[in-house]
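If you're matching them up, the sequences are chains C and H in order.
So for the first sequence, our numbering puts the first residue at 1; every next one is plus one.
So for the second sequence, our numbering puts the first residue at 311; every next one is plus one.
No wet-lab data here; the hints were simulated from the structure.
Wrong hints could be hidden among the right ones.
[Unchecked claim] Partial list, derived from the structure: chain H residues whose beta carbon lies under 7 angstroms from chain C:
1) 346
2) 348
3) 352
4) 392
5) 411
6) 419
7) 427
8) 429
9) 433
[Stated by the list, open to error] Sample of chain H residues lacking proximity to chain C, with all beta carbon distances greater than 12 angstroms (derived):
10) 338
11) 373
12) 376
13) 402
14) 405
15) 406
Glycine is no exception: its CB is placed at the ideal position from the N, C-alpha and C atoms.
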Amino acid sequence: MTRPIGFGSCALSVLVWAPSAWGAEGAGSPPVAWWVWPSALFVVTFLLGIVAVVAGLGGGTVYVPIVSGFFPFHLDFVRGAGLLVALAGALAAGPDLLERRLADFRLALPVALVASAFAVVGALAGLALPTRLVQTGLGVIIIGIVVALLIARRSDFPRVTHADRLARALGISGAYHEPSLDADVAWTVHRTWRGLLLFVLIGLLAGMFGIGAGWANVAVLNLVMGAPLKVAVGTSIFLLSITDTSAAWVYLNQGAMLPMVAVPSVVGMMLGSRVGVRVLERARPRTVRWAIIVLLLFAGVRAFLKGLGV
Amino acid sequence: MYAVILRGGSRLSMGVLLLTFLLYAGGLASPLIPIDRLPQYWGLKAAEYLRRAELPSGWGWVRLVGFGDYLNYVGIVMLASLSVLCLLAIFPLLLRRKDTAFILIVLAEIAVLFLAASGLLVVGH
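Chain C on its own, in the form it takes in the complex:
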């Protein structure tokens, strides 16, 4: 039962070691061998993969602040890799979610169009803006996510009395089998325009900071548009496969995708996620939730201070 704390402690230990090693390198000590950082990156992303699954967070959300805060890679490469991490995870999960009707194509496509278009704008802006400004912004966003994790409430089956005009025109509705009720749950959405406007912001954030922004997708789909929680989570993961694709192309074309950073991260996260799914059965969600909150707060404050040059 103490396993989640073990993983959290292990990840924190590696992160505590990381900046000291980096500092030693910067202070004129002999530079570490090239393979040390990619190897450490693989270990950390493996642990983050476990923690992210158990905490129900997307890989990119935990990856970017932690790796940019504690590794010597430039934020551009970390954001590029972060998008690839989120994309690989979403692509791997997408088919099952679609087949089980937990990701709804008609709900995902309109919001994905808005989010992906603005993710391109966000990516271009993020690469053009001064690094310190983006790093500070990243710190603020991550601290904001911590606050959201502390106060956010989710609704398993939000009450949608009737679909709005746009949802009806686009035919956004569906049904899925809910094992806990042993029944098919029919659903539709409302406040579609408001949701689409919020996806403008989500796209900008995803592109600018290289984070998957699944946490925000779920909140808007579930709390604003009224999709059942399971549909919101599944659709969020599926739409990340489109949103992150558009931003990832921008980073790739601008040279911000370094294979030595991106590939160990993707592989580490994918392997960690597989272990995380198994750990999930035995984990104590409350303990893991607090571990991830502490980890994110630590990373957010570090990103914020690093951006300010402290």
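On the provided structure of chain C, position chain H as indicated by the hints.
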């Protein structure tokens, strides 16, 4: 159909990504930038990295794909191309159903992804 292409494509892309990285990191495919020199570059802003190492942006990587580091781009590009492939694959189905609203949405999404992939969008300095 979307799910089938996504499943097969993501497995194949991940396999290629892993294989090309092993060739690169294992020294079986010579990189353009020697691996032991990477620490000189990975702390730089992406634009500065391209400038100092005299590397191309956009699709310029294609002519360097024989080098180990750029060989990795094949798997990355495969991963990044999957969504647009899936959308193109379901497009005839939408046309047959005369689902006008979704035809327009899918067309717009394909346009966004093609534009992002084109390399025409450049960060100004």
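Here's how the hints hold up against the structure:
| no. | hint | verdict |
| --- | --- | --- |
| 1 | 346 | holds, 5 angstroms |
| 2 | 348 | holds, 6 angstroms |
| 3 | 352 | holds, 5 angstroms |
| 4 | 392 | holds, 6 angstroms |
| 5 | 411 | holds, 5 angstroms |
| 6 | 419 | holds, 5 angstroms |
| 7 | 427 | holds, 4 angstroms |
| 8 | 429 | holds, 4 angstroms |
| 9 | 433 | holds, 5 angstroms |
| 10 | 338 | holds, 14 angstroms |
| 11 | 373 | holds, 15 angstroms |
| 12 | 376 | holds, 15 angstroms |
| 13 | 402 | holds, 15 angstroms |
| 14 | 405 | holds, 15 angstroms |
| 15 | 406 | holds, 16 angstroms |
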